[in-house]
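Let's have the full structure, built from the sequences with the hints guiding it.
There are 4 protein chains.
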Amino acid sequence: MAGNRGVVYTGAGSVEIRDIDYPDLVLREGPGVPKENVGRKCEHGVILKVITTNICGSDQHMVRGRTTAPEGLVLGHEILGEVIEVGRDVEFVKKGDIASVPFNIACGRCVMCQEQKTHICLNTNPERAGAAYGYVDMGGWVGGQSEYVMVPYADFQLLVFPDRDVAMDKVLDLTMLSDIFPTGYHGAYSAGVKTGSTVYIAGAGPVGLAAAHSAQLLGASRVIVGDLQDERLKQAESFGCETVNVSKHDRLSEQIEDLLGVDEVDCAVDAVGFEASGHGADAGEQPAAVLNSIMDVTTAGGKLGIPGLYVTEDPGASDKDAQLGTLKVRLGLGWAKAHTFVTGQTPAMKYNRDLMKAILSGRADIAKAVNATVISLDEAPDGYQDFDKGAAKKFVIDPHGSLK
Amino acid sequence: MAGNRGVVYTGAGSVEIRDIDYPDLVLREGPGVPKENVGRKCEHGVILKVITTNICGSDQHMVRGRTTAPEGLVLGHEILGEVIEVGRDVEFVKKGDIASVPFNIACGRCVMCQEQKTHICLNTNPERAGAAYGYVDMGGWVGGQSEYVMVPYADFQLLVFPDRDVAMDKVLDLTMLSDIFPTGYHGAYSAGVKTGSTVYIAGAGPVGLAAAHSAQLLGASRVIVGDLQDERLKQAESFGCETVNVSKHDRLSEQIEDLLGVDEVDCAVDAVGFEASGHGADAGEQPAAVLNSIMDVTTAGGKLGIPGLYVTEDPGASDKDAQLGTLKVRLGLGWAKAHTFVTGQTPAMKYNRDLMKAILSGRADIAKAVNATVISLDEAPDGYQDFDKGAAKKFVIDPHGSLK
Amino acid sequence: MAGNRGVVYTGAGSVEIRDIDYPDLVLREGPGVPKENVGRKCEHGVILKVITTNICGSDQHMVRGRTTAPEGLVLGHEILGEVIEVGRDVEFVKKGDIASVPFNIACGRCVMCQEQKTHICLNTNPERAGAAYGYVDMGGWVGGQSEYVMVPYADFQLLVFPDRDVAMDKVLDLTMLSDIFPTGYHGAYSAGVKTGSTVYIAGAGPVGLAAAHSAQLLGASRVIVGDLQDERLKQAESFGCETVNVSKHDRLSEQIEDLLGVDEVDCAVDAVGFEASGHGADAGEQPAAVLNSIMDVTTAGGKLGIPGLYVTEDPGASDKDAQLGTLKVRLGLGWAKAHTFVTGQTPAMKYNRDLMKAILSGRADIAKAVNATVISLDEAPDGYQDFDKGAAKKFVIDPHGSLK
Amino acid sequence: MAGNRGVVYTGAGSVEIRDIDYPDLVLREGPGVPKENVGRKCEHGVILKVITTNICGSDQHMVRGRTTAPEGLVLGHEILGEVIEVGRDVEFVKKGDIASVPFNIACGRCVMCQEQKTHICLNTNPERAGAAYGYVDMGGWVGGQSEYVMVPYADFQLLVFPDRDVAMDKVLDLTMLSDIFPTGYHGAYSAGVKTGSTVYIAGAGPVGLAAAHSAQLLGASRVIVGDLQDERLKQAESFGCETVNVSKHDRLSEQIEDLLGVDEVDCAVDAVGFEASGHGADAGEQPAAVLNSIMDVTTAGGKLGIPGLYVTEDPGASDKDAQLGTLKVRLGLGWAKAHTFVTGQTPAMKYNRDLMKAILSGRADIAKAVNATVISLDEAPDGYQDFDKGAAKKFVIDPHGSLK
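Chains as they are written, first to last, in the UniProt record's numbering: chain A, 1 to 404; chain B, 1 to 404; chain C, 1 to 404; chain D, 1 to 404.
Heads up, none of these hints are tricks.
Heads up, the list lumps identical chains together, so a pair's fine if it works in one copy or across two of them.
Result set (DSS-like, lysine-lysine): computed pairs, CA atoms no more than 25 Å apart in a straight line:
#1 K404 with K393
#2 K94 with K41
#3 K194 with K368
#4 K350 with K94
#5 K248 with K389
#6 K393 with K170
#7 K404 with K95
#8 K49 with K95
#9 K95 with K41
#10 K234 with K368
#11 K350 with K194
#12 K368 with K404
#13 K35 with K94
#14 K404 with K170
If you are wondering where the hints come from, they were derived from the structure by calculation, not from laboratory data.
Written as structure tokens, this is what we have:
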């Protein structure tokens with residue numbers, strides 16, 4: 001029988017490559033698996049040989065110890081692979097298919113899935129609405145930063161690519177369909193970006209860059225990206241964005257006015273989340289800083305897309321309120337400007353097919369936008385470290401050396 | 001020349017009936033009129049003889065001294081009247097027309113008005129987007145709790161009733177079209193209420209009652225209204241709502257479960273705003289209490305309609321953050337549940353025509369729902385006091401005795 | 001082993017009750033089953049003991065010989081029943097559940113189902129997009145006007161009622177959820193009916209009546225129903241609709257003006273389809289008559305909901321064009337009025353849960369609106385005849401005598 | 001006093017440059033002016049010195065004698081100019097402003113304008129909903145293919161460019177904002193084009209090319225344009241479209257399959273209208289040919305955007321039905337595929353500001369896409385002739401030589 005190796009969370013600040021169980025069509029007992037999910041049969045599932053699996057910014061929250069993730073958790077929810085085994089109740093997916101796996105695990109049978117809200121599936125996580133691979137509080141499903149992984153509800157979930165060779169040619173783009181590209185797109189889409197919009201994206205990490213590229217696809221006339229680090233901003237400039245370094249000024253609106261001639265944009269995206277820093281030099285961590293600043297610079301009546309993660313438990317927060325996810329939000333300002341706030345995980349399946357078509361036709365260049373950088377499985381721990389330091393790279397793990 | 005009398009704000013806790021200027025087609029200097037608006041010509045306007053004008057909960061915020069409203073301000077933004085004089089640029093409205101006045105003053109010419117966002121008109125208030133009659137920071141337009149009032153941009157703004165006699169028969173319903181009915185409707189609409197929805201409305205004041213009735217019109221299967229006062233809850237029950245007294249329990253979700261069998265609703269409306277109290281006995285003022293509680297009881301993926309007012313300056317707040325409208329919001333919870341928050345003033349013109357049709361056909365019974373209670377102009381100061389004490393009534397001022 | 005009996009189409013003008021196969025979890029060879037569907041395994045399916053199954057107007061098209069339906073076809077696509085056997089891939093539906101079956105058979109796994117377009121599922125009918133029970137050209141699935149029926153993809157498809165006893169109390173309403181209520185609702189919804197709308201519904205058969213009741217639920221201020229038969233119009237009047245007998249006048253717009261004071265409505269629904277008659281006395285069959293007349297009476301910018309069936313093959317049509325579904329449409333008029341035409345089968349699952357909630361809370365009274373009339377299985381052939389003559393009744397077959 | 005010259009329709013097949021009245025702020029008696037509009041005062045209007053004014057395909061319908069346009073009509077509804085005189089009731093537009101004029105004349109005060117449906121304004125044309133400059137049955141407003149033109153309701157209607165010099169640099173793009181770019185965009189938008197869509201555009205005239213470029217802006221992955229003439233198709237290829245010559249094949253679906261590998265697209269646009277030809281060689285005029293063919297090639301559940309003009313009176317049609325706008329439409333096919341048909345004039349104001357922003361930022365290259373070609377006013381009659389022959393050019397008249 002085949003072995004398996006994966007990226008395992010081993011306590012705050014640390015991940016290791018370890019031998020892990022080779023998957024079968026059952027969710028077995030393990031770190032973070034809710035009792036009700038132990039032993040769950042998945043004849044609707046498949047086994048994937050992982051071709052690519054990416055490190056996500058939200059993995060970093062766990063690795064930094066800013067969540068209650070259990071040690072021993074196999075990480076990884078951005079997965080693209082080849083189907084090598086098919087459960088008996090899988091009807092349409094076939095061995096040999098190459099497919100992207102949406103990071104939200106969804107049954108395709110509950111009312112939420114019926115309404116395309118796969119981010120809050122009611123059946124895959126007994127503890128709350130919504131599940132994911134290799135993530136704290138997300139149902140205990142085994143992560144995919146590994147050689148092999150099990151994907152349940154495969155007929156519903158897998159986005160099978162129409163042509164195997166074309167898929168391998170574009171694999172660095174297609175690997176972004178599991179999470180980051182839909183998540184960035186959802187941010188821009190839910191901010192109401194349309195033809196001609198001026199857009200501000202807070203954060204030049206991979207989600208921010210994906211949101212910026214998505215804003216371009218949605219027809220934005222001007223896309224401004226803000227971050228604290230010049231290297232990340234250069235990455236944004238490399239595909240046509242304008243940028244502001246928010247560590248160098250304490251009034252974002254003035255930075256925007258310098259670029260646009262007006263001090264507000266039509267739409268804004270928070271691609272940072274709760275580990276936000278204040279603006280200006282040495283401002284330090286301020287969980288609501290980004291959210292409050294985008295209210296300031298978004299026009300009245302505008303929408304704020306908030307794919308950046310906010311949590312209900314943050315053991316690393318500096319005050320008690322923030323530890324429970326209660327933040328100081330300038331609600332009066334947002335209300336006076338009649339803003340709409342769109343929060344939450346992205347239902348990746350709502351967007352991944354459209355984005356696949358944009359990639360395959362050459363319309364979307366997401367790998368270039370996020371600076372996809374291939375590493376081996378053994379290099380993953382270093383990748384986590386580099387990414388944590390703010391490297392302007394999206395690390396793509398190639399566990400089988402398939403991309404050589 | 002005719003005289004004029006109106007309700008004037010005379011300092012925290014106090015309003016008086018005073019002689020005021022008879023209006024002409026110019027916005028003249030006065031309390032709270034921004035310099036740029038002084039002397040503004042309004043040949044696009046009309047003079048209305050006021051038939052009815054209602055006291056609004058948001059007037060109370062000013063009268064309680066919870067805003068920076070200047071003394072001498074003529075109050076009143078809920079107006080229905082007869083056209084008695086027409087500016088030279090008015091082409092379609094005619095003398096003798098009876099019409100409802102949307103509370104948001106809007107030019108009908110800027111990009112916001114073109115997109116039906118009359119609540120954030122760019123041309124009627126030089127200080128920010130959005131204007132209103134008789135309201136602090138809303139452009140300085142003279143209020144309409146008076147015998148006569150000037151309405152600018154009349155062709156665009158006035159909702160003229162098709163038949164004068166029918167209008168007078170239904171005037172207690174139609175007078176709710178200027179603000180409260182559209183505002184309640186907007187709350188329910190932006191919470192996503194549709195056929196079959198279960199809905200929670202926080203607050204049984206007039207906006208809450210209007211939201212509850214609107215939820216019924218939108219097809220809700222169950223409408224639950226929460227408040228601290230039994231008398232107001234009885235009013236909600238009078239037209240088919242279920243109720244919970246939130247002063248008697250500290251877990252709203254349990255109160256809801258008692259009614260529905262599940263502890264969450266599909267949609268929720270915050271019809272309270274920043275002067276909120278905590279749940280349970282003697283909880284005291286907690287500005288974000290309502291907002292945080294409706295996150296708790298709204299299903300994942302739900303929308304929160306927030307017509308309740310939140311402000312950027314609240315001199316009466318207990319802490320410095322709240323004085324600037326910065327509140328402690330459980331953003332982590334909302335994000336985990338993928339909620340959408342819809343805030344801001346209501347664009348009354350987006351809804352008032354449809355609601356007029358519902359009233360005229362007998363589908364909507366809004367006067368009964370909010371317990372419309374007619375008073376004379378001289379009784380207005382008492383009305384303000386009663387309303388402040390929580391009277392389950394919507395006071396309708398009849399300045400000319402037209403409704404006898 | 002249990003037997004089974006069902007309503008079988010036996011040639012133009014004729015149906016009979018016959019012994020038919022007891023279902024198992026396979027789609028076996030039979031009349032109208034496409035080769036590719038023969039032998040299809042359905043471990044995702046369940047066997048239902050049918051509690052109620054309704055005769056649909058679209059069944060009549062087949063029985064009248066206006067389609068290419070094969071003899072021997074078991075009819076029936078409006079089904080409500082109790083689960084008595086569960087396939088191995090069924091995870092959430094359980095034996096004893098009482099559920100409504102959406103008439104569109106849908107896999108829950110293809111891109112159309114993922115987007116809530118279950119009316120054009122790509123996997124259940126090898127010959128075109130979309131499948132149904134007991135219907136010509138709809139994949140060959142065995143109809144449910146019978147004692148027992150197999151329902152595939154049960155976890156995705158079945159709308160399980162939350163409480164068995166409550167369901168039985170409301171069964172005459174709930175039986176309308178499989179087709180007619182969602183179909184009528186879709187007509188009204190896609191015509192853009194909202195609070196205050198004035199609405200014209202062409203046709204007072206069950207779909208028209210369901211559309212009229214749906215328009216009420218959606219908040220319409222005035223609902224006018226047109227038909228050729230006074231008895232059917234009386235049924236519409238019984239729940240608050242206004243009516244016009246279109247056989248008595250050749251200008252529908254004048255009939256509408258008599259009621260509304262204006263000669264156009266906001267929204268219109270074609271609940272008749274291709275077997276339409278012209279307006280006025282003895283006008284005879286004119287396939288586009290209804291469609292053309294609703295363009296005439298719908299306001300500029302309006303939407304036309306067209307749930308009434310139009311077909312690609314009509315052997316009974318009087319001219320060659322109409323035999324292929326090519327009709328004389330006043331497209332110039334529609335274009336000049338900037339109309340939008342929404343055609344096609346209804347995705348029942350998009351609406352059935354909301355409508356169930358409206359029924360269970362007492363908001364919707366659909367059984368009364370369509371005049372639900374219970375008959376035994378043996379009475380079904382007579383029911384078909386009465387319905388064909390225009391009886392103002394919706395026949396509900398009770399094959400096991402469960403409703404006594 | 002200044003003179004004025006303009007393009008005048010002088011009977012079927014003929015236009016001439018003639019001296020015409022210099023405009024003032026009144027709509028005076030003239031060819032095609034409805035009695036109720038004669039003498040209409042327009043103090044809300046401005047006089048424009050025309051900078052550019054384009055020849056439109058819909059002008060050709062009149063010039064070919066396919067409408068009931070009266071002789072003497074001054075043509076032209078695509079206008080960009082400089083404000084040189086301002087009515088007394090104009091409040092925000094100023095002398096010296098350079099602006100685009102939406103082709104639909106709209107009051108900004110009626111319910112349709114309030115809802116952004118300026119294509120069916122109720123106040124500018126006493127004969128039907130909707131008005132335009134220089135067009136048959138559109139209210140009698142004087143056309144703008146001239147040196148000077150009056151524009152009513154200027155505050156509402158004019159799209160003033162933010163910077164005069166930038167505007168003149170981009171004037172060949174900006175001149176497309178009055179009609180053709182919004183019209184093409186509306187076609188693509190109402191066909192549901194979004195990120196990743198595959199799109200078929202019927203017609204490579206200027207509207208088709210504008211629809212194709214709009215589809216690109218909306219994120220289409222593949223845009224296929226069909227026409228009868230290779231020269232026009234080459235123009236489409238010049239900006240990245242794929243093409244099919246529909247005169248060379250009688251099965252459009254096969255031509256599409258050759259390009260896409262599947263025989264259907266996600267979205268289709270009819271940019272031809274009623275003067276359509278059948279597919280294949282020598283098929284001749286068939287008014288519904290384009291509409292029927294796009295049903296054939298659009299996927300089930302798709303939307304058809306129909307900006308191509310269909311008329312209620314076509315004196316040049318070959319049969320009586322078509323003369324009244326009644327066409328043989330394959331409605332059965334459309335219904336079986338659950339298509340939605342979106343017809344009618346485009347509300348230009350709904351899109352022109354967004355498109356302006358896309359032009360000014362360099363995102364949109366509409367002048368290049370439609371091959372804008374500048375001619376003098378005196379060259380306009382030749383331009384009409386060339387365009388009628390199918391020249392792959394969009395003629396832009398420069399009446400004052402402003403573009404040299």
